[in-house]
Every structure is written in structure tokens, then in C-alpha cells.
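Take a look at the letters that make up each chain.
There are 2 protein chains.
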Amino acid sequence: MRPVVIPLFALMWGFTALADEGMWRPQQLTLTAKALRAAGVTVDPARLADLQRGPLASVVSLGGCSASFVSPDGLVATNHHCVVGALQYASVARGGDSLLESGLTAQSRAEEPWAGPSARVRVTVSETDVTAEFAAVIAAASTEAAAALAVESTLKAKVAACEQGRPGHQCQVARYDGGTAFVLIDQLVLRDVRLVHAPPRAVGDYGGDVDNWMWPRHSGDWALLRAYVGPDGQPADHAAANVPFKPAAHLTVNPAGVKASDAVLVAGYPGRTFRHRTATELELTEKEYPATLKMLGELLTLVRELQGRSKALETKLSALEAGLSNRQKYVQGNLDSFAASDLVAVRRGQQRRFVEWARRQPDGAAGLRALQDVDALAMKTAEMQPASEVLGALSRTSSVLRAAFAIHWLALERAQPDAERQPGFQDRDVPELEGQLSQALKSVELEAERPIVGFLLARAARLPAAARIEGLDALFAQHADPNDTTEVLGAGIRQGAVNRLVDAVFSAVKLTDGEVRSTLLRATREVVEASGDSAVAFAASLAPDRLKERDRQRAAQGAELRTRPRLMAALAAHAGRPLYPDANGTLRVTYGKVRGYAYRDGLTAEPQTTLRGVVAKATGKAPFDAPQALLDAIVATHERMRSGQLERFGDAALGTVPVDFLSTCDVTGGNSGSATLDAKGRFVGLLFDGNYESMDSDWIYDLRRTRAIHVDVRYLLWSLERVYGGAHLLKELGL
Amino acid sequence: MRPVVIPLFALMWGFTALADEGMWRPQQLTLTAKALRAAGVTVDPARLADLQRGPLASVVSLGGCSASFVSPDGLVATNHHCVVGALQYASVARGGDSLLESGLTAQSRAEEPWAGPSARVRVTVSETDVTAEFAAVIAAASTEAAAALAVESTLKAKVAACEQGRPGHQCQVARYDGGTAFVLIDQLVLRDVRLVHAPPRAVGDYGGDVDNWMWPRHSGDWALLRAYVGPDGQPADHAAANVPFKPAAHLTVNPAGVKASDAVLVAGYPGRTFRHRTATELELTEKEYPATLKMLGELLTLVRELQGRSKALETKLSALEAGLSNRQKYVQGNLDSFAASDLVAVRRGQQRRFVEWARRQPDGAAGLRALQDVDALAMKTAEMQPASEVLGALSRTSSVLRAAFAIHWLALERAQPDAERQPGFQDRDVPELEGQLSQALKSVELEAERPIVGFLLARAARLPAAARIEGLDALFAQHADPNDTTEVLGAGIRQGAVNRLVDAVFSAVKLTDGEVRSTLLRATREVVEASGDSAVAFAASLAPDRLKERDRQRAAQGAELRTRPRLMAALAAHAGRPLYPDANGTLRVTYGKVRGYAYRDGLTAEPQTTLRGVVAKATGKAPFDAPQALLDAIVATHERMRSGQLERFGDAALGTVPVDFLSTCDVTGGNSGSATLDAKGRFVGLLFDGNYESMDSDWIYDLRRTRAIHVDVRYLLWSLERVYGGAHLLKELGL
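Protein sequences appear in the order of chains Z and U.
If you count the first sequence from 1, position 550 lands on 558 in the working numbering, and the numbers rise without skipping.
If you count the second sequence from 1, position 726 lands on 734 in the working numbering, and the numbers rise without skipping.
Isolated chain Z (complex conformation) (with noise of 0.2 Å):
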């Protein structure tokens, strides 16, 4: 069923953000104190603010998920779909059962599993404002593209000054809404995690696909983790000796948990959003997607197919299936929800809102060419946008063309003095680049990659006149056949071609050898494109096109840098306040109520589910699995609720425990493992999701059905409880 249509009352957008909207940087609450009170909220703003102290020096970046600290001994609460690949390299290094089907409770700190080479927990030290810097240099640039690249040196330099003799430490300077601020934040970097708990799959992920984005909810999505450090409490890399890292702060659970309309907060790092986009940047977004969808369903299909050729490749493809589902299921929900909730037609009207009152200020003329400038730089991106998805595609898709494709650049980048390369790909990012190479070769199958890159190299070969890749064209050109009578993909090239061309990447692959690779990631480029790797020769063709598509890249950066934050300047102007910048990656706390909401007609969605829903959808076939231990504890505390015996974690008026929550907060992916945090801070639960109603929030906040999906501290500390052995971590976590 399509969602139910609502008009928008979401006015952000030059108007006064609700109050539940908004993914502040924790230095803007002390601007929003009234409204933080308004909510509930009783933690001083300012106490928020400082990354020094408890609570916010508990919250730590996974890499893509956030944690938190929850014991002085550096026990870390997550999400369990953030430790699924931890799970899966532990359960290859022990060479034994599968700990992510299983789960894993460890019984003392020697059982605790090593998560991995790629695994860390970044712990933000500080953050300091460089807006001021940064603009001066975008101001004396004299193009657009070196605009760009006088950012990227100075960024360069900042994190190298930043790093200077501080080992352990890492800087980035984060860019808020395209340029209009700048800040260099320093993460400490701790390298030795390990896995401490994590439910089994069918509890971690109970509901699986069908239910993901879905309310109501059953998943006991948690995981604990812990970091370490060397004896001398510094960073360190994996080994025996290690200790536990102790963290300048760690959260104070409450066993109590929450209730419908309590105030919570998260505090996480969200990945991104687009909540300040003009109504044409949103137009072309509406457009593409019909596209990506098709493209999504296709590969989906084929990999799909191919899973379905043998256990170990249904294994091996599970995270790019999960991934390209995911991703179908986000455009789709994206495309369902801006046409219900007619979302261009309602920035149009916001947008014409602001141009009036634009027209009506005296320097509004300046806002008027900043929407301009913006609305043509989209216009201009979004015609290469076919072009540089199939060339993204390709090194997210196959992890052979991934580690060709890094190897070369790399090799490239070499030739320049280390300060002056492109980020990612300095001396100091080998080691971790190496340990992302590793794992994702670890266990490659050539027979899924080549089939997949055939799919791709094939919508290469069907791009419009305006978005071609040279080198592939002058790859196609030379795999053609005069006899060859197989179909004509576009541009007069033939599936043959592309057949043969793929045959071509994959028929020496020397890359899978960790040795080859350890080389070849220190190597020259004159050395890496003698290697002899099909697939390196491959990227090395593609080279010229990589370089220039960064280079568009970094023209289109550049305009941004100069367009944008004019375009910002205008609207916080036109809001008479302070606005949230778009979620970037950085360190952001949103706060709202536990609340449902009007889920169809006729239907309420209630803000808690509980372990009787659990029952209730176990059907005993993944992904509604639900092991018979649980089922088998849920039955022993229903029968002690009922009969009034004392159940540590249930909670009366349920007359159950609860398992999941809603609230109103503000959120996006890369919040997942936010620690849920009460009216006075205490640790109450994890954001794990969004509800499919809101999935476009990437866009629009809107009060009445933008939804953050929790799981309840209750749900895993009953589970520590009564079904995993974890008494001795309930103690850790001070109860």
C-alpha cells in the first residue's frame, strides 16, 4: 500500500524549523536552549555542548555507525548491523561455526573475539571552527576548480598540522552545507576492538527484509563491543597484551527505560541529508530515480541468480544483495513518498515563499542569484550523473575492480609529494586501505564479479551521447568483431564486445594474492602497470576517464563552495534564526518524544512493541526465526508478570518487556548505533532505523510521520538477563 497522502506542514526551508526537526552540532544547542527545555529535556544545553564531558564524550564513530561508551572498562553498545562483518571475520578467523548466526557472549575478556582489521572506534577529541580560513582561500581563488583545490591543500595542511605528532590521532575538516562552515575535528583512533555480545541473527535481525524501514518492529538490533589499547593506554594495533581503553566518559544506563511521550535525545554521527535543496535540485532527484530503480532491479535479479548457483556464492553475494536491496527499497520508498507527499510541488511553494520575501529585502538580490547558480550547477551534474554511477558501480560492485581501481590511483597519486595528494590515498592511509583490500578479497569469486561487471560494462555501452566514457568506448572498440552478429548495446557497440571485453578484465587476476597486493599497494605506477594484472590494466585504461571525471568533480566542488553558502546565508536570513546544517558525518544531537503516529487510515501506529509481538510473528522460517530459547524465556516471564513474581526489566503497565520504540527525533543512516539517551541523559536505548513513511526525511522533516525506530535497553538488558548468560556484563553496565 502506497502511503497515505498528507499535505506537508514541514515549513523548514527558510521557515522556523519544527521543534523535533533538526540534527544540531552540539555547539548550536546552547543557541536552542529554550526549545531543548520546551521538549523535556533537563541536561543542561551547555553540558551538551562540551565533547569533553559525559555524555557526548561517550559517543564514538564506527565508520559508518555510531556507539557509544557504556562502562569504564571501554565496553561499546552499537547496533548489531553494524558488527556484521566483525561477526562474519571473527567466525572465519576461528574457523568455526557462524558467529553471526549464532550470536556470541563472551565470559570473560580472553573470549572476546578480535572484530577485525577494519575495525575501529573513533572517539572525537575536539572540534574547532576554521570557517573563517577556509573562506578567505575560496575568496582569493581565481576559478571554480581552484577554488576546489586550494580547499583541498589547505585542508591538507590543517590535518597534517593537526596530526603532527600525535600518533593515534586522525583530523579531517568537515564541510558543512557545501562550504558554509568549515571545522577541524580531531579523532582519537582506537584500532583493537573486539566483540564482547551479539544476539543471533534471527534476534539481531528478526524480520529481516521484510520488516526493514518497517513498523512495527521486532529487532533486538544491539551489539556490544569493547575497545582496546596498548599497555601504555595508547592506540594500538591488534594484540594480546592490549588492554581495555578507558573512556574519558561512559553513559549511565536506566533500567527504567521510556515511555510514550518522554523526552530522548540521540547523539550519533548521520551520514548525510539533503533538507536545504531547491525545488529543481529536488526535481532532478524525482527524475533520476525511476532509472536507479531499474538499473537497482536488474542487478538485483542477476545477483540474485547467481546466489542461487551454490551456498558458498549465496555467502559471498548476502552483503552486496542486503546492500542493493536496501538501496532499492530507499529510492523506492524515496520515489513513493514524493509523490505522496507531493514533496517538489511543497518546496516549490516554500521556495516561493522565500523569493518573495527575497524580493522584498533590500540585498535580496544576491539570495535570488545564489538559488540561480545553485539550480544551474544541478542542472549541469545531473547530466554526467549516468556516467559517473556506472564508473562508482563498478569499484562498489566488484571487489576485485574495487582493489585494481585504489591500487592504480594510488600508484598515480604516488608520483606527487605526499601533502599534495588527494585525500585518502596519503601514505598515512595505506595501512587501513590495506586491511579494507584484504578483507573484501578475502574470499572472492570470480564467477559472481565477471557476470556483474559484464552487467555494468553493458549500461556503459548504453550511456547517451553526452555522458560516454572514453576509455571504455576505446576499450569496446577494440573487443568489436567484424562478424559478430550479437546485439547492439548503444553506440554501435555489440554485446560481443562487451563479452569479451569482461573476459578480458578477469583473465589474469593477480590481485586475490595478499602478497601481490601488499606489493603493488607500494609500488610505482610504472611497477603496478607492468604487474601484469588484467585488472589493473583494466583501471589503468580507465585512468584518463577517473582523472577527468574528478576533475569534474572538483569544478562542480568548487561552485558549490562558492554558491551554496551564499544560498545559505539567505535562507537562515529569511528564518530569523540559526539553521541545522545537513548531516555531514559529524557529531550531531537531535531531540524529540516517543510517539507514533497515524500510520495508514485507520490505523495507529503505538510507539512500543513488545515481546507478545515477537511471538506473534515468529513463524519458525527466517527471517520470523525467532530462536526457541527466546521464545521459550518469553513464555517463563510472561508466566511471572502474570503471576506477579518480579521481572527486573519488564515493565508493568506493558505488562511485558519491551522490545522496540518510536520518537520523533531526527535522523538518518550513519546514526545507527546512536545510544538513545533519557531527559537526563541516561542510555534508554539504540537508533537502528527509520519508517518507510518518512523514508524521504533525507528531505523533508515532517512531524506527523517522520519516525526514528529504537530498540529498547530494556530488550537487551532482559536478554543479557534471562536468555544469553550475560549477568556478568549486566554488572559491567553498573547494574
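No wet-lab data here; the hints were simulated from the structure.
Hints are supplied without guarantee of correctness; some may be wrong.
No distinction is drawn between identical chains; accordingly, a pair holds when it is met within one copy or between any pair of copies.
[What the hints assert, rightly or not] Think about it this way: if two alpha-carbon atoms lie no more than 30 Å apart in a straight line, the pair counts; the simulated DSS-like pairs of lysine-lysine are: (1) Lys629 x Lys337; (2) Lys450 x Lys164; (3) Lys295 x Lys629; (4) Lys267 x Lys601; (5) Lys302 x Lys319; (6) Lys42 x Lys166; (7) Lys556 x Lys739; (8) Lys42 x Lys688; (9) Lys166 x Lys267; (10) Lys518 x Lys302; (11) Lys302 x Lys42; (12) Lys739 x Lys164; (13) Lys302 x Lys337; (14) Lys739 x Lys166.
Everything numeric in this text was worked out from a predicted model, so none of it was measured.
Fit chain U to the supplied structure of chain Z, relying on the hints for placement.
Positioned in the frame of chain Z, the structure of chain U alone reads:
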């Protein structure tokens, strides 16, 4: 998803009924006056018990559906799904487009099309308790079969005396709770019924099979008929000169409708319930269901395959498909609900308390013996159930066999004096039977009947030894072939024999000819058997088995007459107050409140749906193909309401027009089309369905989940005004 497991606290079965439970005989309402008042009903219970005055004098039966007079000129309101046959008849009769698809709003009396020869409006004129007479007859009989026969002949005598010299009246003696009470019911039967208004199928059956039994619902399941009589005011066959019937009373519309928590009543003719069954009876039913489901599934597959062959077959089999699919959903829903609510165990617990109570009573042994007798009888009946089912299905699913069986049976009965014949086969029944057969055979396609009969005969070949049908076995033997190597189905019968028998049954079907049929319906057994019709010859071969089945059922009925009343008396004594009898197609009143329910863990069903939901479900494709005219009218209405203009039938609190609503009223099939009355007895809606979660409500009522689904009268009124040009009908409705 399976219904949520909820322990029952509905304790009827010898315990006190909950406030909203009960399909009360009108005469019982004075006994439950206090509860009626407590529920908020302000109509005087004595008035509600009076069949000569409104509101109950307005309530009529259509045979299988309920309905009500809503104007002084014989206008009748009922459900859309109760007039599907009439719409099909009228479409064929006028040779035009399908009125089912397009809907219909007659702009004058002259435009009201005839609903067809089988359409009836039955007005209950009086009910007279005759229990004492029947009790005496039963007590005097020497055997159980004799008791059944004696009841049958007493019944016929009563009916004959009642109808004597009163043309247009039909009388019946209704049996309550297996003979606990007998009531002589006198009905005036109006046989010229015409269509006045029906919405298009896409409105009346919006959501179709997908939404059937489901909430939230958005069906506009209403229709308006008009009853006509001869110029003398007496019931008459359809004729141009006929005039509208003037009912003794008609309902007054309350255009303000009802809202959550308002008291509502439903008066109508519920078909069958089994609320007072023993645990063993429930258990036997639960055991029978999986086999029934398997059979329904296979038959549905076959029917749908046949429907795929041509547009004509698709249409012709649509009623059969809908019936089977509805039955499948019913049985599956019952099975799910039985399991979810652990019904058998619950009933066993209730029964245990009854037994304990009975053991403490001085005369308790009688109740205990009755319980044993009822259980023994049920087990005996269950053994023959598979054979009864096949025999029943043959005439239910094949119109040709239905006609052949009826004609041959009628000829057998005709050998006896009219008064001694089986009810339904007396001379007075012939015209109605002829009308029914004429309609059923109008467009029979043997191409479809043949494989369906083949399926059922193959099933008969597989029956267990205890339940063989001898006549069929003889026919199978007759069509056996020593060279046949096809699959052996059961008892040595091969598929080939079944196929040859089917060929024989359909080798010379003449019944589809109206004249042949009309002659045979009035012919003697000899003439019928010499007719040369192959289907009639088949019916003749099965006559001994059908007679045996009749005798078996008669004996079972006699046993039931002597055991069930003893059990009911004991249960009533245990309850300490009157019990409402199980539904048996007679006039009943139930009352309750407009109320939602706990839908799933994390979701609440609200008690009302609105036009907003109609739009949200619209996909443009059946069954969610809301007509454009409706969608346009909705947009216009929403704009009017938003801008504060008058919308006569809008609900200011909801900001739109209500569509359907839920109540706690206790209803079942047969109640369809029943008027829903408000606390003052005014017309506020039409009952048309129950929710899936209460699908076992034929067996047990549970206040927490048993809900009736009604269409709000305001959706009808609004549609007449805004969509269908029915201003003249609003006027006739007194608005």
C-alpha cells in the same frame, strides 16, 4: 502475519455473557433491558421487541442477506454484495454494459430495473412460540428417526395452517439450539424487487478479495432496492402495473452518523453460529479443517485455471471463484484463530468448570449425561462427513447437477401427498425453485462444469472405507476398463473410470433448455427418468445414496432434538440467566459500541476510516481502482472542508467524510445488509463484514477482538449527493 496470541477472557458457555456479546431474539430484549440501557441504548426495549412497529418492522430478509425499509415508498437499503446477482441479471436483461461494473442510479421509478425472478423481500409479520407442542411430539416418538419425522410433519402442518388462505405469506418453523425452542414465523414475501441504486463495483467492492474480512476497510458496500406489489397492495409477480410497497414502518436516517464510543444496534437475520458447542465438537471441527482447506485449494486452482481460458469463463465462474475463495479465507481464518486463541483448550477449561458445577447440583447428572450424548453424536456424524461433503459439493459447484438433483428429487417426492413431502419440495416451492434454476442455468458452460465435476468424482473415488458412496462406486465399476493403466485413486478405481463417468454425465444434457426444465420440474418420476438427460440419469443413480444420506441426517437430527435441549437447559441453569440462542437465520438484535481494537503489537485499529484512505489505497488497478469521478469528488470535498465551506455529510472532527466503521456488535453471515442503528434507533450505517481477527466468532465472542464492520451512512449520503446524482433519493430518505 498470524493473529496475535491473546488468552481469551470471553467466558460465555455457561458463564455470563459479556455486555456486547449476543444475537438476541427481539423478545429477549426486555429480559436484558438493564444491560441495554447500560450500553447507552435509549430506545425502549419493549419497542425493540415489537415486530409490528419501527424500528424492527422495517427490518427484512432478502434470503441470505438482511435489509431495511428506509422510505415510506418501499425503498430498501442493503449491501452492494447482496445485489451482485440482481445487477448481473439486470445487465443481461437489458443486454447492455455490466451494471455491476458501472453502478446504477435510477432517476425515476420507470428506470428501476427488475432484480430478477429469484429476488425476494421477506417481511417478518409475526413470531409465535410453539415449543411446547413440539416438545410433546418429540417426547412421544418411539425412536430418534421417528422424532425427526414427527417434527417434520408437525412442522409442515403448522406451516400449511399458517399459509392457508393467505396468499403472499410464507411461514416456517424455526428451530433454536437443536430443538431447545420452536417458533412459527410468518413472513410476507414480496416478489417484485427492483434496483434503485448501486455504486460501481470498484466502490461497492473496493479492495475486493484483498480487503475481504480485513480492517482498515474502505468499501462502499451499499445498494438500494425497491419492493413492489400489485395495484391491490398484495404481493405480485413482476409486472409493469405494480406499485411501490408501503411498509408498516421505515427507518429514519441520522445524517450526523456515529463516532467512537457511541452505542449502536444491528437488527437482521444472522445465519449460523456455534457458540454453545462442546470442546469435542470444536476439536472435531478443528481436525476437519486442514482437509477442507486442501480440497478448497485444489478446487480453486482448477477454477482459476478454467477462468484463464476465456473472458466468458472468467465471468461465468466468478461467483464460484469468489464463493470458494471466501470459504477458503473463512476456514483458514478459523484455523488461525482457533490456534491463536487456543480455542479448544479454552472451551475445555470452561467445560470443566461446568462439569464441576454440575457435579455439585442435586440434578446435575442429567446435564453431564447430555454432554456425553452430544459428544457421541458429534463423533458419529464426523465419520460420514467426507461423503456428505462430496455429495453437497456436486450440487453446489455444478449448476447442471444442482438442477438434475433437484428435478429428480422433486419427482421422487411427488409420489407422496404434498403435505408429506420434504420441506422445499412441496408444490408451493416449485415456482421459486424454477426461478433459481433458470437463473443458475442461464449461461452454463459445460466446458467448465465437466472438469469441476471430474475433480469432485475423483475425490469421491478416494473416500475412506467408512464413507463410500455406493451408487458412485457402482458407476465407477460400470466405467472400469481392464486395459486402463491410469492412476488408481482409491478402492481400485482408476482415473480413467472417473473420466469416462464424467463423459457419460455430460453426454446428453438437456436441462439447459428452459422448456425441458419446466416440463421435468412438474413431471412424475417415470417421465423424469425416461427423459434421456444424462445428468438426470446420474442423479437417479445417486438417489439411493442421497436418500440414505437424508435418513442418516434425519436420525442425527432426531438424536440432536433429544440431546441438545438437555445440554442447553443445563448450561442455562449454570449461567443463571437466559442464554441467547445460536443464530439460525431468524431475526435478531445485537448491540454494542463503535470501537477499535488492538490490531497487532505496535498497531491500534481506529474505529473509523475516511475518504483519505480511499485515495491512499487507489492504485488504478482492481481491486483498488477507485473511479476517477469518486477521486475528483473527494478532492473537491477536501478543498471545501479545508476552506471551511459547508460539506453536508462531512465530519468536522475528522476533516473529511467517514467511510467505514467498527463496532463490538455480535454478528455473522446473513447479517450482511443489516441496518446499523444509533442509540435512538436511527439509521446510521449498514453492517457488511467482520474482521479477520474475529473469524472464529461463529464459535466464540471475544470483546477484545471480535468486531463488526459497517459502512457509514454518511458515505452513502455523500456519494448520492456528490458523485451519483442521487438528490431525489436523498429527498426520499427524508433529507
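A quick look at each hint next to the structure:
1. In the homo-oligomer, the alpha carbons of Lys629 and Lys337 lie at most 30 Å apart both inside one protomer (22 Å) and across protomers (22 Å), since each shortest distance falls under that limit.
2. Proximity of Lys450 and Lys164 under a CA criterion of 30 Å is satisfied in neither setting, with 32 Å inside one chain copy and 86 Å between copies.
3. In this homomeric assembly, Lys295 and Lys629 come within 30 Å of each other (Cα to Cα) only across copies, at 24 Å, whereas the closest approach inside a single copy is 39 Å.
4. Taking the shortest Cα distances, Lys267 and Lys601 sit within 30 Å of each other both inside one copy (9 Å) and across copies (29 Å).
5. For a Cα distance limit of 30 Å, the shortest separation of Lys302 from Lys319 inside one copy, 27 Å, qualifies, whereas the shortest one across copies, 33 Å, does not.
6. Taking the shortest alpha-carbon separations for Lys42 and Lys166, neither the intra-copy value of 35 Å nor the inter-copy value of 83 Å comes in at or below 30 Å.
7. In this assembly of identical chains, the alpha carbons of Lys556 and Lys739 never lie at most 30 Å apart, being 57 Å within a copy and 75 Å across copies at closest.
8. Taking the shortest alpha-carbon separations for Lys42 and Lys688, only the intra-copy value of 16 Å comes in at or below 30 Å, while the best inter-copy value is 52 Å.
9. When the C-alpha separation of Lys166 and Lys267 is checked against a cutoff of 30 Å, the pair qualifies neither within a copy, at 46 Å, nor between copies, at 66 Å.
10. Taking CA atoms no more than 30 Å apart as the test, Lys518 paired with Lys302 passes in neither setting, with 33 Å inside one copy and 56 Å between copies.
11. With identical chains, the CA atoms of Lys302 and Lys42 are never at most 30 Å apart, being 47 Å at best within one copy and 65 Å at best between copies.
12. When the C-alpha separation of Lys739 and Lys164 is checked against a cutoff of 30 Å, the pair qualifies neither within a copy, at 45 Å, nor between copies, at 81 Å.
13. For a Cα distance limit of 30 Å, the shortest separation of Lys302 from Lys337 inside one copy, 12 Å, qualifies, whereas the shortest one across copies, 35 Å, does not.
14. Proximity of Lys739 and Lys166 under a CA criterion of 30 Å is satisfied in neither setting, with 43 Å inside one chain copy and 81 Å between copies.
The structure shown violates the earlier hints numbered 2, 6, 7, 9, 10, 11, 12 and 14.
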